[in-house]
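**Q** In the order they appear, the protein sequences are chains A and B. Each residue of the first sequence is one higher than the last, beginning at 2 in the numbering used here. Each residue of the second sequence is one higher than the last, beginning at 2 in the numbering used here.
Quick caveat, the hints were computed from the structure, so don't treat them as lab data. Incorrect hints may appear among the rest.
Same chains, same names: a pair is fine if it fits in one copy or spans any two.
Calculated cross-link-like contacts (lysine to aspartate or glutamate; reagent style DMTMM-like; alpha-carbon spacing at most 25 Å) [what the hints assert, rightly or not]: (1) Lys10 / Glu40; (2) Lys45 / Asp102; (3) Lys45 / Asp26; (4) Lys46 / Glu29; (5) Lys39 / Glu74; (6) Lys48 / Glu29; (7) Lys87 / Asp102; (8) Lys45 / Glu74; (9) Lys36 / Glu74; (10) Lys87 / Asp26; (11) Lys87 / Glu74; (12) Lys10 / Glu28; (13) Lys36 / Asp17; (14) Lys10 / Glu74; (15) Lys45 / Glu29.
Number of protein chains: 2
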Amino acid sequence: MNISNNPIKSSHIIADVYINGIFPDIEELLDISIKETKELTVIKKFKHNFNPIGLSLIYILAESHISVHTWPEYNYMSIDLYTCGKTTPENTLDNLLSKLDIHNLNTQTIQRGV
Amino acid sequence: MNISNNPIKSSHIIADVYINGIFPDIEELLDISIKETKELTVIKKFKHNFNPIGLSLIYILAESHISVHTWPEYNYMSIDLYTCGKTTPENTLDNLLSKLDIHNLNTQTIQRGV
């Protein structure tokens, strides 16, 4: 992906992920992926646990944001990685996906601000 | 839009908005739109002001999330409204857009979890 350093030209990857087996601790795995790839800069992290189940997880990045919403009862999570400027989040997403036991995956990349 | 009550079937509207004139207080306007349309349920709101300029604004909703990133120096903001289940965010987005002096607008709706 070739994105200029114009900060409003942004790469927004969305991933719909269906999981096999035990639902993972996605926050822990995502934190590890972010550390391993050193691609993204986390400014703040927020989460909300839904009752009885489900999680919304938001990372505000220097480069924009990551969001994760989980529906463990459907073996499903949605992941968004939105990064502005020349930073792209593919390595972080690939790293994260490699840690998951995936039943089905749909991804698409949207160019924002262009 | 006809989305069933299956919570993983979600409506994700993305909007890239270029503004005329003075850059608006998007947080204030979005709060008003949410109150006026009564369509979405805000659980938590987070923001980060970038130095010297720019804002990331995240609302965790009962229905998923809203994100806004602003680049006032480019007269630009990106808006995402992601809502699960049968709730759709069109009225809130339309209400918000009606409050803005828009130079250029690109929107698309993505079905998630299907």
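**Q** Which earlier hints turn out false for this structure, listed by number in ascending order?
**A** Per hint list: 2, 5, 7, 9, 10 violated.
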